[in-house]
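Asks: Here is how the chains run, residue by residue.
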Amino acid sequence: MHEYSLASAIVTQIEEIVEKYNVIRVKKIIVSASPYEMIIPDLLQEAYKIITHEMEKFKDSELLMEIKAAEITCIDCDYTGKPTEEGDPEFAYNFLCPKCGSRDTHINMKQMTIETVDLELSEE
Amino acid sequence: MVEIKQISVKKKAYVVNDELAENIRNKMKTKNKRFFNVMGSIGSGKTLILERIAERLSPYYKVFVINGDVATTIDADRIAKCGATTVQINTGGGCHLTASLMQKEFDKINIDDYDIFFTENVGNLICPAAWDVGAAKNIVVVSITEGEYVIKKHPIIFKGAQIAVINKCDIEGEDFDSKTLVEDASKIKSDMEVICTSAKTKQGIDDLITALGIDIPKRE
Chain A
1 MHEYSLASAI VTQIEEIVEK YNVIRVKKII VSASPYEMII PDLLQEAYKI ITHEMEKFKD
61 SELLMEIKAA EITCIDCDYT GKPTEEGDPE FAYNFLCPKC GSRDTHINMK QMTIETVDLE
121 LSEE
Chain B
1 MVEIKQISVK KKAYVVNDEL AENIRNKMKT KNKRFFNVMG SIGSGKTLIL ERIAERLSPY
61 YKVFVINGDV ATTIDADRIA KCGATTVQIN TGGGCHLTAS LMQKEFDKIN IDDYDIFFTE
121 NVGNLICPAA WDVGAAKNIV VVSITEGEYV IKKHPIIFKG AQIAVINKCD IEGEDFDSKT
181 LVEDASKIKS DMEVICTSAK TKQGIDDLIT ALGIDIPKRE
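Here the protein sequences line up with chains A and B, keeping their order. Residues 1 to 124, numbered by my numbering, are exactly what the first sequence covers, in order. Residues 1 to 220, numbered by my numbering, are exactly what the second sequence covers, in order.
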């Protein structure tokens, strides 16, 4: 379950932010990823709960995942951006380049980004 | 008084691992060392291939292998008998290796004492695909006994690899066929190097070593 490692990487980065502020609690973390990153949102959330279970500042916090557009790079013409809607019927994750029509494309499978974190801060 | 503040983070979730992996890659390159990540299913033949590679290279190079498994030191012990220095990481349930796990092992040795480094990742075709360990090349091993659709079913790990090894070709015949796997590996990524091997008979092992860019004298 690689979602556990991913949740752990997210928590580590949020902890660094928490140290910079006078944080009472982390309330909500929003991450974004494309649908082609082998991430099952339910498993990611489950892993997050397991990791933060005994972390006082993360108590009752939530991790939400938003889906964003996939990004491809074309081997033939160096286009980088959204693929056409049409994928290869035979090979999943081989997408058509909208610029030159090549199917020889690489898909960025590590787009997951920590977008925002909502923190409950003490004003003192 | 409390306030809720939303912080814009905009950082890649993998950034810590990927930066460390890039650091390992650059360090190896600067020191003129080679580091390869061998991935594949349980039973695909990764360990026997590494045993064959260790046997072949150890008269000429100092080889260091980091093995990843949930438990036991079986693989590291096997490869150590073939002339390589080995270390076993037990992940205790973890399904892949990471750059930090590599770094911890590299910190325990003097990199300059070795020429070529391998890591044998935890056996599966899913989780290791997303975690860069800092290798110069990723190698995926599939055996023809895994079925003709194994590459189509696991495209992501092949997308991130430079070399696909189709193993157990010695038992090719009516029941097991390498043709579809060879074709699929090339179709999934046009610049993929595809090597057919039999670790059992040593067929293709020298071709694989050549594909890794390692010079060795020809077999007599």
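Please note: incorrect hints may appear among the correct ones.
[As the list claims (entries may be wrong)] With a straight-line Cα cutoff of 27 Å, these simulated DSS-like cross-link-like pairs (lysine-lysine) come out: (1) 218(B) <-> 137(B); (2) 218(B) <-> 20(A); (3) 10(B) <-> 59(A).
To be clear, the hints were calculated from the coordinates, so they are not data collected in a lab.
Asks: Checking each numbered hint in turn, tell me which of them this model violates, lowest number first.
Replies: 2
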